[in-house]
Amino acid sequence: MSDNWTNRLSEYLDGDLPASERPALEVHLQGCGDCRATLQQLRRVVARAQGLDDSPPAADLWPAIAQHMGVVSLDARRARRRLSFTVPQLAAAAVALVLLSGGSAWLALRGRSTGPTPQQAVMDRNPVITTAGTYEANPRYAAAVADLERVLARGRSRLDTATVRVIEKNLGIIDRAIRDAQSALAADPANSYLNQHLAQEMRRKLELLRQAATLTGTRT
Amino acid sequence: MLTTLATLAGLALAQQTDTTVPVRAGARLEVNNFGGDITVKTWSKSAVRIAASHSSRDHITIEASDQVVRVKSEGRGGPSHVVDYDFTVPAAMALSLSGVYTDISVEGSEGEITAETVQGTVKVSGGAGNVSLKSVQGDVTLEKAHGRIDLSSVNETITASQISGDLSAETVNGDISLVQIESANAEANTVNGDVVYDGTIKDGGRYRFSTHDGDLRVSVPDKSNVSVSVSTFNGDFSACFPIQLTSSKTKHRFGFTIGSGSARLEVESFDGDIRLCRPGQLSKDKERDKDHDQDHDQDQEEE
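As they're listed, the protein sequences go chains A and B.
The first sequence begins at 1 in our numbering and counts up one residue at a time.
The second sequence begins at 1 in our numbering and counts up one residue at a time.
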């Protein structure tokens, strides 16, 4: 996908692209599945951001992620409802979307509980599935991960022990990948592949946690 | 003797449910089975046959309307025990199959399929339109499907063959093998495993294959028009055919164009090797590697 077009998609979405350039972009979009996918992602991000403007969440997850990923402040963009993203920023935005939906899953699941039992309270203090220490640089991401881990800890008794082991094992595999990517990025911070790879693994971890949290609501 | 008595007791408790319900075109089958098998085959009749083997303590519930045939099992005061279902359905019937300790098998379907299990395999032959197969702790296998394909596992492998349409495959700890694929939009990624893609590279298509700790093998047919982007951190790149780099940021990140470059292929492996070959050569490579690994193992044993 051409970088030129990528950088113009947000203008197109905002209606700020000059009328003389719109037809050319629309023709390009017809033949560029990648651009259409990027545009679709942008629409989702904009829709989410606009929703947040109207009803601010208790904890805005974006700023810390944006800071972690080297993205400029989103607040100013929201204020004028104009969003311009590069591909690495979109990768970060994808993680943010997963965080938001992960948080929603947590809230939905938390709503079902009637308060911790003594056994659950013990598990809260000693969560079985934990990945502490991986995301010090991104407290809000860490908080979202910790929230989902707490859901798993509470629902652990409803999961088959083999399933718990598999989830722990695979979270460990993802954590190793995240640490590898972080170490590599420390040596080469401008490497776009490593940035995208890290974002992908972070997203994957949240998705697995969310999937596991959902499983606690089923009978295993 | 004890075994014989237990077997006889089991036989006494075993129960068979076998019934057939008529269905209209467009109806879907929804099955939830906590533990056991769900096997689906097809026929040309406008009816669904439901055969189930289960304990007499479990009750099979069948709800049939114009839109849906819904089947589930319940135990007395809790989850049902093991229930093995055999369904025979119209080929075009949409299927929604789910379970926990459940193996799911479908053969001959020409409709949409959603299949999800936690501890069990999903094996499907056929399917059209949206086909979504997921397991946490089991292999996911699909063949002879077309449409929009979504395959997911966590701790096991994904295998797909003779597929046409958009294809997405994702696992964490397992290999992904996609062969005989005809797609303009294919994506596969794993964290700890190899990825093989042996299929078409269509003009204007989009292909992305990635792994963290594993090797990638991707086929690029002769006369393809594709822009290739290669990224590794600790791996090597090789190709079975000559290439000419058009951009190179480092020895681990570079790109090249074949033909007009209208399709886009991204191959990424953090800690593994990437190899591009012609269709059909990948399996030879794999066999050679297998032989090499066996020789290596033998050498080690001899030492």
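Simulated from the structure, these hints should not be mistaken for laboratory data.
Any given hint could turn out to be false.
Have a look at the derived ranges for each label pair, beta carbon to beta carbon [as the list claims (entries may be wrong)]:
1. B/Thr-61 / A/Pro-23: 54 to 62 Å
2. B/Glu-74 / A/Pro-189: 50 to 58 Å
3. B/Gly-259 / A/Pro-189: 33 to 41 Å
4. B/Thr-246 / A/Gly-31: 15 to 23 Å
5. A/Gly-217 / B/Pro-221: 42 to 50 Å
6. B/Asn-234 / A/Gly-31: 30 to 38 Å
Here chain A is said to cover these stretches of chain B; the calculated rule only asks that three of the stretch's residues, wherever they fall, bring their Cβ under 8 Å from a Cβ of chain A [unchecked claim]:
7. 28-38
8. 138-151
9. 202-213
10. 241-247
Backbone N, C-alpha and C define an ideal beta-carbon position, used for all residues, glycine too.
### Query
Out of the numbered hints, which ones does the structure contradict?
As far as the earlier hints go, 7, 8 and 10 are violated by this structure, in ascending order.
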